[in-house]
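Colleague: As you go down the protein sequences, you meet chains L and V in turn. Offset between the first sequence (1-based) and our numbering: plus 2. Offset between the second sequence (1-based) and our numbering: plus 2.
Simulated from the structure, these hints should not be mistaken for laboratory data. A few of these clues could be false.
Pairs count within a copy or across copies, as identical chains cannot be separated in the list.
Straight-line alpha carbon distances no greater than 25 Å define the calculated SDA-like cross-link-like pairs of lysine to any residue that follow [as the list claims (entries may be wrong)]:
#	residue 1	residue 2
1	K169	T104
2	K169	R47
3	K169	G25
4	K92	R318
All values reported here derive from a predicted model rather than from experimental measurement.
Protein chains: 2
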Amino acid sequence: MSEAPGTPESDHPTAPLLQAAAGREPDRVPVWFMRQAGRSLPEYRRVREGISMLDSCARPELVTEITLQPVRRYDVDAAIFYSDIMVPLKAIGVDLDIVPGTGPVIAEPIRDERGLAQLRDVAEGDLDHITAAVQMLVAELGPVPLIGFCGAPFTLASYLVEGGPSKDYARTKAMMVGAPRLWQELMERLARITTAFLRTQVEAGARAAQLFDSWAGSLSVADYRASVMPYSAAVLGGIADLGVPRIHFGVGTGELLVSMVEAGADVIGVDWRIPLDVAAGRVRAAREDVGPVVVQGNLDPALLGAPWPVLAERVREVLRAGGRVPGHVFNLGHGVPPTADPDTLARVVELVHAEGRSLRSAGGVPAVSVS
Amino acid sequence: MSEAPGTPESDHPTAPLLQAAAGREPDRVPVWFMRQAGRSLPEYRRVREGISMLDSCARPELVTEITLQPVRRYDVDAAIFYSDIMVPLKAIGVDLDIVPGTGPVIAEPIRDERGLAQLRDVAEGDLDHITAAVQMLVAELGPVPLIGFCGAPFTLASYLVEGGPSKDYARTKAMMVGAPRLWQELMERLARITTAFLRTQVEAGARAAQLFDSWAGSLSVADYRASVMPYSAAVLGGIADLGVPRIHFGVGTGELLVSMVEAGADVIGVDWRIPLDVAAGRVRAAREDVGPVVVQGNLDPALLGAPWPVLAERVREVLRAGGRVPGHVFNLGHGVPPTADPDTLARVVELVHAEGRSLRSAGGVPAVSVS
Numbered sequence: 003m004s005e006a007p008g009t010p011e012s013d014h015p016t017a018p019l020l021q022a023a024a025g026r027e028p029d030r031v032p033v034w035f036m037r038q039a040g041r042s043l044p045e046y047r048r049v050r051e052g053i054s055m056l057d058s059c060a061r062p063e064l065v066t067e068i069t070l071q072p073v074r075r076y077d078v079d080a081a082i083f084y085s086d087i088m089v090p091l092k093a094i095g096v097d098l099d100i101v102p103g104t105g106p107v108i109a110e111p112i113r114d115e116r117g118l119a120q121l122r123d124v125a126e127g128d129l130d131h132i133t134a135a136v137q138m139l140v141a142e143l144g145p146v147p148l149i150g151f152c153g154a155p156f157t158l159a160s161y162l163v164e165g166g167p168s169k170d171y172a173r174t175k176a177m178m179v180g181a182p183r184l185w186q187e188l189m190e191r192l193a194r195i196t197t198a199f200l201r202t203q204v205e206a207g208a209r210a211a212q213l214f215d216s217w218a219g220s221l222s223v224a225d226y227r228a229s230v231m232p233y234s235a236a237v238l239g240g241i242a243d244l245g246v247p248r249i250h251f252g253v254g255t256g257e258l259l260v261s262m263v264e265a266g267a268d269v270i271g272v273d274w275r276i277p278l279d280v281a282a283g284r285v286r287a288a289r290e291d292v293g294p295v296v297v298q299g300n301l302d303p304a305l306l307g308a309p310w311p312v313l314a315e316r317v318r319e320v321l322r323a324g325g326r327v328p329g330h331v332f333n334l335g336h337g338v339p340p341t342a343d344p345d346t347l348a349r350v351v352e353l354v355h356a357e358g359r360s361l362r363s364a365g366g367v368p369a370v371s372v373s
Numbered sequence: 003m004s005e006a007p008g009t010p011e012s013d014h015p016t017a018p019l020l021q022a023a024a025g026r027e028p029d030r031v032p033v034w035f036m037r038q039a040g041r042s043l044p045e046y047r048r049v050r051e052g053i054s055m056l057d058s059c060a061r062p063e064l065v066t067e068i069t070l071q072p073v074r075r076y077d078v079d080a081a082i083f084y085s086d087i088m089v090p091l092k093a094i095g096v097d098l099d100i101v102p103g104t105g106p107v108i109a110e111p112i113r114d115e116r117g118l119a120q121l122r123d124v125a126e127g128d129l130d131h132i133t134a135a136v137q138m139l140v141a142e143l144g145p146v147p148l149i150g151f152c153g154a155p156f157t158l159a160s161y162l163v164e165g166g167p168s169k170d171y172a173r174t175k176a177m178m179v180g181a182p183r184l185w186q187e188l189m190e191r192l193a194r195i196t197t198a199f200l201r202t203q204v205e206a207g208a209r210a211a212q213l214f215d216s217w218a219g220s221l222s223v224a225d226y227r228a229s230v231m232p233y234s235a236a237v238l239g240g241i242a243d244l245g246v247p248r249i250h251f252g253v254g255t256g257e258l259l260v261s262m263v264e265a266g267a268d269v270i271g272v273d274w275r276i277p278l279d280v281a282a283g284r285v286r287a288a289r290e291d292v293g294p295v296v297v298q299g300n301l302d303p304a305l306l307g308a309p310w311p312v313l314a315e316r317v318r319e320v321l322r323a324g325g326r327v328p329g330h331v332f333n334l335g336h337g338v339p340p341t342a343d344p345d346t347l348a349r350v351v352e353l354v355h356a357e358g359r360s361l362r363s364a365g366g367v368p369a370v371s372v373s
């Protein structure tokens, strides 16, 4: 089965990523890597020279080039929109910067009602550069689907409240439990902003969307459910009508997987700490009413530096575990480290494509036939 | 029941910490805090002025003073030996420093067979300053038990291999899976060194011992069991004959709790991500042969900045969950943050002592009567 580039295929998607996300059995196990476009690529470092992170995200041509780089280099089954979780906040005028070696730095951290004024809703024109970049990308990508990129309200809130990266999120959590009304207002505003950011990408042509709640794993289940999940659910629910698969990802979220699916995800991103079939089993055990659980993950990125035979066996292990789950999108358990060797990633892609299907069959999953 | 300071009480321990650790029901729920001796205390900052971390750990009078500071200030049920996980390595001559704001920095990171030569066994005299400090402390502490302090082989290995703190432990994991013989030799040496460090403390008078495997939570269960657990088990087994309760702690170890108990712990330290009774239930469900599971934890330290009524309710929640477990030692889920207000910690201790027992009873645990 092949299709002309640009053909709408929402009813019968043939892209392996979209088939797997729907719990169908594609011709090959789809693979992409979080942060596949980034510092590990020499061609990325070249085009970013002298250009700040936020500036690079604001130039549609550059976003297009950077997003395409790993697609050119690897035979990946998806492109991930090159952006930063801070981009929608920058777009509405929050005074912030991405400092190399540090991360996001917020000029005036949000600690009270007054600070909230920085967070206005997205207005017409704010995201035109996003629309332009996605449209340019989709035209170039042809059949390879573009995944929309967005940080989740909690992870964004953690930067806004702390003023930058944090080890323990002490101020964020203190606000969350100690000033619940302020927290609610903050999270509602962030949910509206991130929903707009994600909708813009999908409406411009992204064929899937991933919500990155990178730091949600720092929360207890109870706190996640009470103070975070409703807002992530608002974002995921806010794009449900667009009909693209929604991937929900965080690090260290073994305890939160059920809730993260419940928030409205079609695909659950899993880090390397638990096998994919254990993750899926956990969700099914807790929520019998959910449909087939589709997983994305979960090779430990720290193992990319291991000798190839060892790494290859780890890739196969992930494929076997993913083979016991209705749908599997191969990925790392977190982003590509800047030190990763692109040739190693290329070999991982080859291996997933070469052996993925047979390892799935060996796992014995009752495949849903593609009609 | 009271006892003269220094009375041996190994058969019938009356200290609440030791009773709880044995699954008995003490008069009050015991409480102490990881890193209770440290930067959050003004008296600590005063005595440390102009003295480096490692120097402070090498002076028995200063170790005694610093260890006692929180015991004087709070009515805690245990002292934790003031030290650093790097101290035993420093004692055998590894060239390292603790850099303020950074953490341990290793002059020559261990990456090959040659690097291993830095890790000789502990020799007579190496730990005399530890023995002296513990003896001094025990004389001062009277009935309050001293807990021995030790970093676990994996956490130590991560610093030695990376050369310092790390986000992803990429080099460590690459060695673990890619050079298994080198890894084995490294971990065996570290297990011998840390066993000697912990034995020294217990033989000098510590009445419990905690093994800190702070970063073990970065591993998958499979990797933990294959490449880390045997060495932690060697350490815990290596002090079993001394008859003191062994506490085993790590951060983000929800998936590893069963294995960490299996390694030979009498008390399992739990971070804030899962309720204590869920943690204990998980261990019991997997290992029916283990005796009563005793837990330590697990207030989220990030919540110490919350308004008191909110924090108090969180303390009560921890007590209720701990009340559904055979034995509970109240603690934070990780160390006291430097920014914590000592007055807040004092109130937490008071609350645990005032309400802990009644909340346990309300939880309805079948208490083992103290004969």
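Colleague: Compare the structure with the hints numbered earlier in the document and write down the numbers of the violated ones, lowest to highest.
Modeller: Violated: hints 3 and 4.
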